[in-house]
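Student: Here are the chains, one letter per residue:
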Amino acid sequence: MSENVKKAPSFKQNVTEFMQKYKVGEFFQKYTMVLALVIVIAFFALRTGGKTLLPANINNLIAQNAYVFVLAAGMLLCILTGGNIDLSVGSVVCFAAAVGTVLLKAGVNMWIAVLAMLAIGLAVGAFQGFWIAKLHVPAFIATLSGMYAFRGFSNVVLGGYQVSITNQGFLDMFGGGASCYVPDYLRQLFGLENGKPNITCLAVGGLAVVIYIIMTLRKVRIQKKLQIHQSIIGTAITTLLISAVIVWLTLKLANHRGIPTVMIWICLVLGIYQYITTRTAIGRHLYAVGGNEKATALSGVKTRNVFWFAYASIGLMAGLAGILTAARARGIDPTYGEGYEMDAIASCFIGGASAYGGIGKVSGMIIGAVLMGVINQGMGILGVDSNYQKVVKGIVLLVAVMFDVLSKRQKR
Amino acid sequence: MDKKVLVSTLKKNAMLVVLVLVYLFFMVLTKGGIFRPTSFNALISQNAYVYILGCGMLMCMLTGGNIDLSCGAFVCLLGAVGGVLMVVQGWGTGVSLLLVLLIGIAYGCGLGALVAYVHVPPWIATLTGYLAFRGLGTSILRTNSPTGSIGPFPQSFLNVFSGKIFKTAEGVLNWPCLIAGIIAACLVVLLVFRTRAVRLKKGYEADSIGAAAAKSGIGAAVILLVMYKLSLAGGIPTVLLWVAGIVLIYSFITSKTTIGRHFYVVGGNIEAARLSGVNTKRIMFLAYLNMAILTSISAMTVVARFTAANADAGKNFEMDAISACVVGGVSASGGAGSILGMVIGATLIGVINLGMFQISLDANYQRVVKGFVLLAAVVFDILSKKKQS
Chain H
1 MSENVKKAPS FKQNVTEFMQ KYKVGEFFQK YTMVLALVIV IAFFALRTGG KTLLPANINN
61 LIAQNAYVFV LAAGMLLCIL TGGNIDLSVG SVVCFAAAVG TVLLKAGVNM WIAVLAMLAI
121 GLAVGAFQGF WIAKLHVPAF IATLSGMYAF RGFSNVVLGG YQVSITNQGF LDMFGGGASC
181 YVPDYLRQLF GLENGKPNIT CLAVGGLAVV IYIIMTLRKV RIQKKLQIHQ SIIGTAITTL
241 LISAVIVWLT LKLANHRGIP TVMIWICLVL GIYQYITTRT AIGRHLYAVG GNEKATALSG
301 VKTRNVFWFA YASIGLMAGL AGILTAARAR GIDPTYGEGY EMDAIASCFI GGASAYGGIG
361 KVSGMIIGAV LMGVINQGMG ILGVDSNYQK VVKGIVLLVA VMFDVLSKRQ KR
Chain W
1 MDKKVLVSTL KKNAMLVVLV LVYLFFMVLT KGGIFRPTSF NALISQNAYV YILGCGMLMC
61 MLTGGNIDLS CGAFVCLLGA VGGVLMVVQG WGTGVSLLLV LLIGIAYGCG LGALVAYVHV
121 PPWIATLTGY LAFRGLGTSI LRTNSPTGSI GPFPQSFLNV FSGKIFKTAE GVLNWPCLIA
181 GIIAACLVVL LVFRTRAVRL KKGYEADSIG AAAAKSGIGA AVILLVMYKL SLAGGIPTVL
241 LWVAGIVLIY SFITSKTTIG RHFYVVGGNI EAARLSGVNT KRIMFLAYLN MAILTSISAM
301 TVVARFTAAN ADAGKNFEMD AISACVVGGV SASGGAGSIL GMVIGATLIG VINLGMFQIS
361 LDANYQRVVK GFVLLAAVVF DILSKKKQS
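Just so you know, the sequences run in chain order H and W. Numbering follows our numbering, in which position 374 of the first sequence is assigned residue number 374; successive positions increment by one, without gaps. Numbering follows our numbering, in which position 199 of the second sequence is assigned residue number 199; successive positions increment by one, without gaps.
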């Protein structure tokens, strides 16, 4: 349309213009999974009569899915390198947790046990990464063999039995038992009696919102400086919505028992992985390798080290997930961790990571993990047969990936 | 010069050498237990599913390292469906088998369409089945039987997939079995020399007369030995007919037909294949349709072996089939591999499983050994290829 002609535009034109101006189509494509998440949450809230939104259930949602967030963060890096996955994480979680539990039972200091679990995870990851990076053994096969072997090893370590954890310090720190919450320091400071709402939780939530808004403002200023044009309204709306979610979550948790300790570990991991993927050279290399491995190698990136890094990192995360799993269950059983790899992989793909590598974000992965968690919990509260739960999970995964594949094809 | 030939021959048949060494190793450990006629019978009837699924998985892997993760869970679902039809509803064996096969074909078409025409990465498309089918199968079993297991299956069904042909008592020489073995051995010798003659006639490079004699001699000797042992264990297991038939058909398809060549071409370079006029989408579609059909057959053999459909049936079958292929030298990135290699790989895994079972090694260490064998086989394969090139 030329600017000189000024004619009253028809309604249809108005709509198209509006859609183009605010990029409605793009918006829907970008935020499909967020919308899906909202719909799913609303669906389960309605069907359970609001039970899923009770503070206790919100708390459980975080505590039960802690391992998914941690493992999916590691898995995301592997998937970025070219759709490679790690099938061994479930077994490594069990193995690391088994060794740690046995150590704790022997009366070893909890931090030594924690370090041992992390070290085991890292060592296994580096071992598998060695074959994948140096010898180009397909990631699928190298980790498949790890999946067999470490499940066997964990059985050997545990002697086939369940071993329980009684170390209260460990349980409190990593989210097991009734007292695994951050104590309400602020109430103590003001000399108030313990009760609801948890003031520390409110304060931390408020602080998080403030920090988030400051960071967004800083980002907007930098973008302006660099003359990157972003719709101000769009940014404002997203910021507002995310702040609202944080506030809502804070209120829910404050009315339960406060911040679960496991949330600290989740936030720590997600923060670090967000930083790695967006701000560091190795993060960029992960995307580059996934986009075009040969071109990346020819540009002077040591692609082998990138693979090694990705697999060592997921090994470390498996160690951490082992700690969280053992603490939550207050012990470990040789069958723990089965199917964890699928949860992590599904979260990444639902969150928009490309199955061919090079595309994927931590923020998307979080939405994927929450979606899986909400579906799991909602079906659990509704009392859906566990067999059908698996069916639903499978279909959700397939639909997510089909959507991804089809929408990308349209773009081309 | 002779040494060079020997080394290159050994390298070419590395997995075969490994198989022989592993077999001898367990022979010593089990004090000959693994050489007993019943062990031969067990090796075949316990691993029948690996050979059958291995053929299907090979075709999938040839197209570019694609795999099917759903086959194990699908075995469970089909077993449950077969159980409901034959045991609970009491339908005829023929009709039930046809229906099971139809379900297999329907799933194969759906899966193939997803993979080939929608371009969903195969392992994600099949991961859905992996998650969903065992759940479905288990709930079907639970709603139809209080124990969660449906059986016993009718004899007319069992006759088709399990038991023995012309069964005799153990320890009595079963003549039909032995005669079949002798015929098969003669055919192998004939085939090797005929191939050599044809190649020579067309002016291609062919094996020397000694190599041909050695090849056919070893092949014939192995067949005779296996059949002799089986004839002492009561006769030919029915399932061996299925396995042999399927292995021979796929061996023929992969080595002698155009469509078989296309699978290799697609796996070698899919873009080049498409530009040369190969219908690459159809090949991908066929690979997964074929896998689903073979899974249906495999499901029936498994159900027949246990004479019941269980929720645990088919657990880890996908891993066994993939391992058999990879150990047998099928490239994990597609385009290379043979049925004979897969058969050797499957046998190697079978021998290791049986051997570990017979020396009553702890089940947990069995998993560890299985895992490391898989890794070692692939590393070995990669290293030996590196040196050649």
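None of these hints come from the bench; they were simulated from the model. Worth double-checking, as some hints may not be accurate.
[Claimed, not checked] Listed below are the simulated BS3-like cross-link pairs for lysine-lysine, each with C-alpha atoms no more than 30 angstroms apart in a straight line:
(1) H:LYS294 with W:LYS281
(2) W:LYS256 with H:LYS134
(3) W:LYS12 with W:LYS167
(4) H:LYS134 with W:LYS12
(5) W:LYS201 with W:LYS164
(6) W:LYS215 with W:LYS4
(7) W:LYS164 with W:LYS229
(8) H:LYS252 with H:LYS30
(9) W:LYS202 with W:LYS215
In this text, all values refer to a predicted model and were calculated from it rather than measured experimentally.
Student: All the hints need checking, so say for each whether the structure fits it.
Tutor: Evaluated hints:
no.: 1; hint: H:LYS294 with W:LYS281; in the structure: 26 angstroms, holds
no.: 2; hint: W:LYS256 with H:LYS134; in the structure: 37 angstroms, violated
no.: 3; hint: W:LYS12 with W:LYS167; in the structure: 39 angstroms, violated
no.: 4; hint: H:LYS134 with W:LYS12; in the structure: 24 angstroms, holds
no.: 5; hint: W:LYS201 with W:LYS164; in the structure: 43 angstroms, violated
no.: 6; hint: W:LYS215 with W:LYS4; in the structure: 18 angstroms, holds
no.: 7; hint: W:LYS164 with W:LYS229; in the structure: 14 angstroms, holds
no.: 8; hint: H:LYS252 with H:LYS30; in the structure: 28 angstroms, holds
no.: 9; hint: W:LYS202 with W:LYS215; in the structure: 21 angstroms, holds
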